[in-house]
Amino acid sequence: AAGVIQSPRHLIKEKRETATLKCYPIPRHDTVYWYQQGPGQDPQFLISFYEKMQSDKGSIPDRFSAQQFSDYHSELNMSSLELGDSALYFCASSSLGEPQHFGDGTRLSIL
Amino acid sequence: DAKTTQPTSMDCAEGRAANLPCNHSTISGNEYVYWYRQIHSQGPQYIIHGLKNNETNEMASLIITEDRKSSTLILPHATLRDTAVYYCIVRAPNTGGFKTIFGAGTRLFVKA
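Sequences listed follow chains A and B, in order. According to my numbering, the first sequence is numbered sequentially starting from 1. According to my numbering, the second sequence is numbered sequentially starting from 1.
Simulated from the structure, these hints should not be mistaken for lab results. As the structure is a computational prediction, the values presented were derived from the model and not from experiment. The reader is advised that the hints may include incorrect statements.
Claimed, not checked - Not the full set, but computed from the structure, chain B residues with beta-carbon under 10 angstroms of chain A:
#1 Tyr36
#2 Gln38
#3 Gln42
#4 Gly43
#5 Pro44
#6 Gln45
#7 Val85
#8 Thr100
#9 Gly105
For each residue, glycine too, the CB sits at the ideal point set by N, CA and C.
Throw the hints in and build the complete structure from the sequences for me.
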């Protein structure tokens, strides 16, 4: 069965640079979620989109933004990167009433 | 979302049943119990969910108490590959993209 696809799998950036993470949900899923997991931490919710509209917001820094496109894929844009942004970033998708399914994540390292 | 309480860690012998408890005493009437697990640095994997009846699938069984204030995830024959952090989460079903709040979870060690 098709799963959530995230790209890239690994990304190395320097401080103050920008990064864009991409998420392709499971076909026919209309909702996308983004989570951040720092070293030794539990996943923390950042933001979600339902039918291309922002539906919920968590502890997402103002330097980050995200959107969901007409084909339901989503992108997380991160600017002015800081050392503390080094983390695993997970995307999950779901359809109405169904559990979320997660991708394998993007590991972002800030040098 | 209701808060959950889970043991920090548990051990289980390979081939034996692993019983992972979760307390969710403030669960609301429309909230389900979901279980996910995360094997080191991989994405969280959905296991099972339920409202008030016991549930079973190919991965596990979920036993929910009658008052719904606690539940137990059962892995009937644990293998070394079941070593992971197990998260118990309570939330209403997805009705337009509401977040999942991960608590601390239980780190399960399956030993040979």
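Here is how each hint holds up against the structure:
Because the smallest distance between the Cβ of B:Tyr36 and any Cβ of chain A comes to about 8 angstroms, under 10 angstroms, the interface hint for this residue holds. Satisfaction of the interface hint for B:Gln38 is found here, the shortest Cβ-Cβ separation to chain A being roughly 8 angstroms, below the 10 angstroms cut-off. Hint on B:Gln42 holds. Least Cβ distance to chain A is approximately 6 angstroms, under the 10 angstroms limit. Interface restraint check for B:Gly43: the shortest CB-CB distance to chain A comes to about 4 angstroms, inside 10 angstroms, so the restraint holds.
Using the Cβ-Cβ criterion of 10 angstroms, the hint placing B:Pro44 at the interface with chain A is satisfied: the shortest such distance is roughly 5 angstroms. With 10 angstroms as the threshold, the beta carbon of B:Gln45 comes within range of chain A, its nearest partner Cβ sitting at about 7 angstroms, so the hint holds. For B:Val85, the shortest C-beta to C-beta distance to chain A is roughly 8 angstroms, which falls under 10 angstroms, so the interface hint holds. The restraint placing B:Thr100 at the interface with chain A holds, with a minimum CB-CB distance near 6 angstroms, inside the 10 angstroms limit.
For B:Gly105, the interface hint holds, since its Cβ comes within 10 angstroms of a Cβ in chain A; the closest pair sits about 6 angstroms apart.
This entry satisfies every hint, going by the numbered hints stated previously.
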